[in-house]
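*Asks:* All chains, full assembly: derive it from the sequences and hints.
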Amino acid sequence: MSALLGTLLNLRDSATKPAPDAWQLRPSADNFRVGSNLPESILMRTIDPIPAEALLSRTQTVHPILRTLFLQDLTSSGFPGCSFAWDYPWDEHWNQLFSRFVLKHWWNAYRAGVFKVFFIDPADTSNTSILRGLLHCWFIGRQEGIWLGRFSPQRKLKKKHSESKLKMRNQIQQHRRQTLSTLPVLPAVKTLFDNIKTTSDTEDTSSQTLVKVPLPWRSDEFTQFAQKLDTIYAHKKITTNGRTFVHAFILESKRSTSAPLSPLNIKNVPQKLPANCYSKKYWSTLSDSDKQLLNPRDPIEWPSLQTIV
Numbered sequence: 061m062s063a064l065l066g067t068l069l070n071l072r073d074s075a076t077k078p079a080p081d082a083w084q085l086r087p088s089a090d091n092f093r094v095g096s097n098l099p100e101s102i103l104m105r106t107i108d109p110i111p112a113e114a115l116l117s118r119t120q121t122v123h124p125i126l127r128t129l130f131l132q133d134l135t136s137s138g139f140p141g142c143s144f145a146w147d148y149p150w151d152e153h154w155n156q157l158f159s160r161f162v163l164k165h166w167w168n169a170y171r172a173g174v175f176k177v178f179f180i181d182p183a184d185t186s187n188t189s190i191l192r193g194l195l196h197c198w199f200i201g202r203q204e205g206i207w208l209g210r211f212s213p214q215r216k217l218k219k220k221h222s223e224s225k226l227k228m229r230n231q232i233q234q235h236r237r238q239t240l241s242t243l244p245v246l247p248a249v250k251t252l253f254d255n256i257k258t259t260s261d262t263e264d265t266s267s268q269t270l271v272k273v274p275l276p277w278r279s280d281e282f283t284q285f286a287q288k289l290d291t292i293y294a295h296k297k298i299t300t301n302g303r304t305f306v307h308a309f310i311l312e313s314k315r316s317t318s319a320p321l322s323p324l325n326i327k328n329v330p331q332k333l334p335a336n337c338y339s340k341k342y343w344s345t346l347s348d349s350d351k352q353l354l355n356p357r358d359p360i361e362w363p364s365l366q367t368i369v
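In the working numbering, the protein residues as written are 61 to 369.
Keep in mind that the hints are not guaranteed to be accurate.
Claimed, not checked - In silico lysine-lysine, DSSO-like type, Cα no more than 30 Å apart, as pairs:
hint : residue 1 : residue 2
1    : LYS327    : LYS341
2    : LYS272    : LYS296
3    : LYS327    : LYS250
4    : LYS272    : LYS297
5    : LYS297    : LYS176
6    : LYS272    : LYS351
7    : LYS257    : LYS164
8    : LYS225    : LYS288
9    : LYS225    : LYS164
10   : LYS327    : LYS218
11   : LYS272    : LYS288
12   : LYS351    : LYS332
13   : LYS250    : LYS332
14   : LYS327    : LYS227
15   : LYS164    : LYS176
16   : LYS340    : LYS250
17   : LYS220    : LYS257
18   : LYS332    : LYS225
19   : LYS341    : LYS351
20   : LYS327    : LYS216
21   : LYS225    : LYS257
22   : LYS227    : LYS296
23   : LYS225    : LYS297
24   : LYS272    : LYS327
25   : LYS272    : LYS216
26   : LYS297    : LYS220
27   : LYS218    : LYS257
28   : LYS216    : LYS257
29   : LYS351    : LYS327
30   : LYS272    : LYS219
31   : LYS227    : LYS250
32   : LYS164    : LYS272
33   : LYS218    : LYS272
Please keep in mind that the hints were generated in silico from the structure rather than gathered at the bench.
*Replies:* Listed below in structure tokens is the structure:
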């Protein structure tokens with residue numbers, strides 16, 4: 061249901077631009093009055109056939125041609141809108157009639173084979189209450205999101221920025237774990253970066269410079285060890301891909317170090333790391349109960365570890 065709605069209401073972001081906001085637009089007062097007085101008999105119009113190319117998808121996506129058929133059906137049936145009336149409750153006639161159009165096209169798509177790569181219990185497809193319940197829950201979630209501004213351009217930009225940071229953080233973590241797996245170090249050392257919290261974020265500045273966001277809780281020795289792993293990974297890539305490639309595409313060679321952060325209000329500190337992974341300055345700010353919660357393991361001999369690396 062969600063995949064179909066994403067296509068019918070044009071909710072999907074593309075690789076180059078975000079989805080338009082037309083689905084959020086409320087109907088005009090005149091259109092709302094007209095739509096609220098339409099009979100359910102307008103649903104009787106036959107939907108145009110679904111083209112064969114819309115049935116060839118090997119992924120759980122719905123071809124955009126179904127939106128074209130949906131809009132044609134709404135227009136030909138005389139319904140004066142292409143989305144829900146978000147300022148009104150689910151039980152409002154406009155929303156009930158529009159939801160019936162959605163279900164009409166869901167059943168048409170199902171019978172044509174659009175959802176053959178989706179896992180759908182055949183028993184559910186004939187249960188109108190289940191389908192309407194799914195659509196109702198989706199409507200409530202979207203309506204609340206509009207009221208709270210979750211789909212505003214500012215929120216979308218913030219989400220995109222957050223996803224970009226997480227992607228870079230995951231990439232750095234993966235590379236460090238990969239490098240550690242090739243080194244003759246103790247098992248306790250190989251797992252140092254298993255927790256994503258031990259890897260710092262990367263910020264993309266206004267000058268398009270990538271900078272590391274320091275982790276104030278992390279000891280200097282642990283930070284230096286992380287940097288050593290990054291250097292090893294970059295050098296290996298230089299050997300296999302060349303220096304130009306590494307400088308252009310490898311995060312480890314592009315990130316610079318930003319100014320240290322204040323140790324105040326430190327959050328998301330990983331637990332059960334070797335004791336000397338934690339900064340002494342940070343450790344001194346903790347209460348006894350906080351120290352117990354961190355539950356540190358025995359320290360690592362950093363000098364010998366650095367020698368091995």
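*Asks:* Which of the listed hints are not met by the structure?
*Replies:* Violated hints: 5, 7, 9 and 32; rest satisfied.
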